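Line by line, the protein sequences give chains S and Z. Oh and the first sequence: position 185 is 184 in numbering that gives the first Met the number 0, straight run, nothing missing. Oh and the second sequence: position 336 is 335 in numbering that gives the first Met the number 0, straight run, nothing missing.
If you're looking for bench data, these hints aren't it; they were derived computationally from the structure. All of these numbers come straight from a predicted model, not from anything done at the bench. Watch out, some of these pointers could steer you wrong.
Given that identical chains are not distinguished, each listed pair holds provided it fits within a single copy or across any two copies.
Said to hold, decoys possible - Heads up, simulated EDC-like pairs for lysine to aspartate or glutamate below, C-alpha to C-alpha not over 20 angstroms straight-line:
| id | residue 1 | residue 2 |
| --- | --- | --- |
| 1 | Lys12 | Glu319 |
| 2 | Lys45 | Asp63 |
| 3 | Lys163 | Asp374 |
| 4 | Lys431 | Asp363 |
| 5 | Lys45 | Asp57 |
| 6 | Lys163 | Glu207 |
| 7 | Lys45 | Glu192 |
| 8 | Lys173 | Glu192 |
| 9 | Lys359 | Asp51 |
| 10 | Lys359 | Asp57 |
| 11 | Lys90 | Glu115 |
| 12 | Lys359 | Asp58 |
2 protein chains.
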Amino acid sequence: MAVELETIVSLCKRRGFIFQSSEIYGGLGGAWDYGPLGVELKKNLKCAWWRDNVYARDDMEGLDAAILMHPRVWEASGHVAGFTDPLVDCKQCKKRFRADHVSGPGCPECGGELTEPRAVQFDVQDLSSARWSERSGPCLPAAGDGTGDFRQLSRTCSTRRAAKLPFGIAQIGKAFRNEITPRHFTFRTREFEQMEIEYFVPPASADEWFDYWVKERYRWYLKYGMRPDHLRLRQHGPEELAHYARATYDVEYRFPMGWLELEGIAHRGDFDLKAHAQASGRNLTYFDDRTRERYFPYVIEPSAGVDRAALAFLVDAYREEEVRGRRRVVLRLHPALAPIKVAVLPLLRNRAEVVELARKLYADLRRRFPADYNDTGAIGKLYARQDEVGTPFCVTVDVQTLEDHQVTVRDRDTTEQVRLALDQVVAYLQDKLAVD
Amino acid sequence: MAVELETIVSLCKRRGFIFQSSEIYGGLGGAWDYGPLGVELKKNLKCAWWRDNVYARDDMEGLDAAILMHPRVWEASGHVAGFTDPLVDCKQCKKRFRADHVSGPGCPECGGELTEPRAVQFDVQDLSSARWSERSGPCLPAAGDGTGDFRQLSRTCSTRRAAKLPFGIAQIGKAFRNEITPRHFTFRTREFEQMEIEYFVPPASADEWFDYWVKERYRWYLKYGMRPDHLRLRQHGPEELAHYARATYDVEYRFPMGWLELEGIAHRGDFDLKAHAQASGRNLTYFDDRTRERYFPYVIEPSAGVDRAALAFLVDAYREEEVRGRRRVVLRLHPALAPIKVAVLPLLRNRAEVVELARKLYADLRRRFPADYNDTGAIGKLYARQDEVGTPFCVTVDVQTLEDHQVTVRDRDTTEQVRLALDQVVAYLQDKLAVD
Chain S
0 MAVELETIVS
10 LCKRRGFIFQ
20 SSEIYGGLGG
30 AWDYGPLGVE
40 LKKNLKCAWW
50 RDNVYARDDM
60 EGLDAAILMH
70 PRVWEASGHV
80 AGFTDPLVDC
90 KQCKKRFRAD
100 HVSGPGCPEC
110 GGELTEPRAV
120 QFDVQDLSSA
130 RWSERSGPCL
140 PAAGDGTGDF
150 RQLSRTCSTR
160 RAAKLPFGIA
170 QIGKAFRNEI
180 TPRHFTFRTR
190 EFEQMEIEYF
200 VPPASADEWF
210 DYWVKERYRW
220 YLKYGMRPDH
230 LRLRQHGPEE
240 LAHYARATYD
250 VEYRFPMGWL
260 ELEGIAHRGD
270 FDLKAHAQAS
280 GRNLTYFDDR
290 TRERYFPYVI
300 EPSAGVDRAA
310 LAFLVDAYRE
320 EEVRGRRRVV
330 LRLHPALAPI
340 KVAVLPLLRN
350 RAEVVELARK
360 LYADLRRRFP
370 ADYNDTGAIG
380 KLYARQDEVG
390 TPFCVTVDVQ
400 TLEDHQVTVR
410 DRDTTEQVRL
420 ALDQVVAYLQ
430 DKLAVD
Chain Z
0 MAVELETIVS
10 LCKRRGFIFQ
20 SSEIYGGLGG
30 AWDYGPLGVE
40 LKKNLKCAWW
50 RDNVYARDDM
60 EGLDAAILMH
70 PRVWEASGHV
80 AGFTDPLVDC
90 KQCKKRFRAD
100 HVSGPGCPEC
110 GGELTEPRAV
120 QFDVQDLSSA
130 RWSERSGPCL
140 PAAGDGTGDF
150 RQLSRTCSTR
160 RAAKLPFGIA
170 QIGKAFRNEI
180 TPRHFTFRTR
190 EFEQMEIEYF
200 VPPASADEWF
210 DYWVKERYRW
220 YLKYGMRPDH
230 LRLRQHGPEE
240 LAHYARATYD
250 VEYRFPMGWL
260 ELEGIAHRGD
270 FDLKAHAQAS
280 GRNLTYFDDR
290 TRERYFPYVI
300 EPSAGVDRAA
310 LAFLVDAYRE
320 EEVRGRRRVV
330 LRLHPALAPI
340 KVAVLPLLRN
350 RAEVVELARK
360 LYADLRRRFP
370 ADYNDTGAIG
380 KLYARQDEVG
390 TPFCVTVDVQ
400 TLEDHQVTVR
410 DRDTTEQVRL
420 ALDQVVAYLQ
430 DKLAVD
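Generate coordinates for the entire structure from the input sequences, incorporating the hints supplied.
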């Protein structure tokens, strides 16, 4: 059964994952605010990506480059025009104008309705490419002159890896695009977050590394529980290939509105480094001391959207089920992505000793896991609320706990319950919530 | 002994904490890139702030609001002019002009040199205030009508807290300001990250809550090891108080260039909510069912700079010391802030069994802590490198380890060494690195 996008939008609003920006002013198209649970979901996604791509690898370093850059960076990427000019777009004919060239309220060409002027004018593809390709300069081993920043970069964390290709840099950051028709909830927006890798390789093995990253990034979504039949790889045809790319694959997810891109993996060849070497006058080549050759490294760039991934994981996890005769809505989120890992629910909130014990357990658990405490309803309702936001485990404290010092731990997916000693709960959850 | 700013700049560049943006193009004033260690330091700071202000509290929820907002939000904050206009500033007379109003290369007033047009034009104070005050609308309990978004917000994570004042929202995000003269390294820049709290309180207890937050935020820096004699609170005089503030304290750090602001805690009264109620036509008052009164909540806003905090902690941690007749540079960073928590150093990199054991230990440790592995020099040099970036613990593996399965753990601050069984290292580090 396919879920409607509206169902997800409604759940997100109801439970504070995501709601519309500037809502008291009637909302702003294409901009969304993440509420308490949405913040945690995004944070968990970014942590998982960082853990898998930076911490777990010896060939990758993290970076946080400024969004504002030297104008010549933009010039080199061929889009200095419009850099600071406020633009408007015609909603009808889709033509774009400089705001100060338009006098009336309507499109000078067709009379159609115009968008409001955009504060930030970059096209996302250009933004990320410019941001990254700019970094490729300083990050690249300018071996031989002894002053290359790449060597500094590699010295920082360690010398666990020599300053040799292949080598990558990873970054997470905000990006903006001048989206004319924001739509599909958080899928197509003007402001969003990107998780990007710029991976430098010798030209001779670039095709192999491209294959590697395409498969690796596809597998990443499966690792966090995405359903394989909802995920596919699609190669760009020659007509849609960007001017800088030798080849591109998209990881696509089967959204309610169709198959759409979560991430693009681009084989950029030596486009970036050549352009920046030319524009800066710096020697950005690399000397390969194994093959005794000097060349511009090739760049493989896997670039994923945080917001799109968050939306896809929400859609993918959503289920309406019947369990033991009761209907329920459950988000079967991977434990690593679930905003709340465990909820403590006292069965009798009027029994001071039960509440005290439950509070104590909660205080203990929240030091280790994002946890919740809830005593505002009957247990069935409390379980339902936690299921709906994807909390993997609920722990109930009852009168019997006062005697046997045991609690009941309920599993979100199976709804099965186990009885555990109080002092075993932490170890049990640590084991269940561990990510390899 | 006071450290010079240049010493910190040099260390940051040499070890990849922070370097200048767009460096291959000669650099861009006021924009800096964070390298591998800088990213981790900033991340650790943000995590610590989030943990202490969101996870550890029952009266705070996290939020990630869009940077782009409805123009009327900006209008309500009184700075819609210049919102999308590229501006230039005269470096000499400091006057500001719209870029498209200036034809020549020099200032129309005094002929001085002009800055480049800015892509993003917001004043930071306005940006954060507008962003936040906009949120105060939807987040505020519009009790009585039953549709207030505040109630949704409070339902999301739990019902562990009733939708009652006092209540706060917390956010971390990028901000921009049209800084005319960026200076002091990362202290005064055009692009930076803010950690902000908007805390809503009943007017009757606003002064108490203001005091509370001033002290609480001051203590936060001490908690992470900042030297008390390098930290002070300073109250704004009437002449420097912003138009929206009833009172403001700055937490100031004693930088090499003087006492400068790390964080401001503003008592904003009902300025924001009244302005937004008026602009949006919404009822943003709150009904207090204890006192049976209806009022605009007051807002206390602690707003801290991530980049400034990172710089202050670096400066504060920096020491040049003599230990057992050897000079060393050491960053005495709090373990929670240190980018690398533990380094594994094999004493004999030519002994395959030693390297194998060290690699195995490293693989085990890095699953739990940001860890490093380094075998590229003599042990003294390896220790020195880790001291310089603030790694709290080094573990050496030697020939004896092959027999007794013990390793040497060295403490960064005391340089004292303890011999531990291999299977005790994780527990030892977990204990030493724990944050309350």
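Evaluation of the provided hints:
{"no.": "1", "hint": "Lys12 x Glu319", "result": "within (18 angstroms within a copy, 54 angstroms between copies)"}
{"no.": "2", "hint": "Lys45 x Asp63", "result": "both (14 angstroms within a copy, 14 angstroms between copies)"}
{"no.": "3", "hint": "Lys163 x Asp374", "result": "between (57 angstroms within a copy, 16 angstroms between copies)"}
{"no.": "4", "hint": "Lys431 x Asp363", "result": "both (17 angstroms within a copy, 19 angstroms between copies)"}
{"no.": "5", "hint": "Lys45 x Asp57", "result": "within (19 angstroms within a copy, 25 angstroms between copies)"}
{"no.": "6", "hint": "Lys163 x Glu207", "result": "within (17 angstroms within a copy, 58 angstroms between copies)"}
{"no.": "7", "hint": "Lys45 x Glu192", "result": "both (10 angstroms within a copy, 17 angstroms between copies)"}
{"no.": "8", "hint": "Lys173 x Glu192", "result": "both (4 angstroms within a copy, 12 angstroms between copies)"}
{"no.": "9", "hint": "Lys359 x Asp51", "result": "between (34 angstroms within a copy, 19 angstroms between copies)"}
{"no.": "10", "hint": "Lys359 x Asp57", "result": "between (41 angstroms within a copy, 14 angstroms between copies)"}
{"no.": "11", "hint": "Lys90 x Glu115", "result": "within (10 angstroms within a copy, 32 angstroms between copies)"}
{"no.": "12", "hint": "Lys359 x Asp58", "result": "between (44 angstroms within a copy, 18 angstroms between copies)"}
Comparing the model with each earlier hint shows no violations; every hint is respected.
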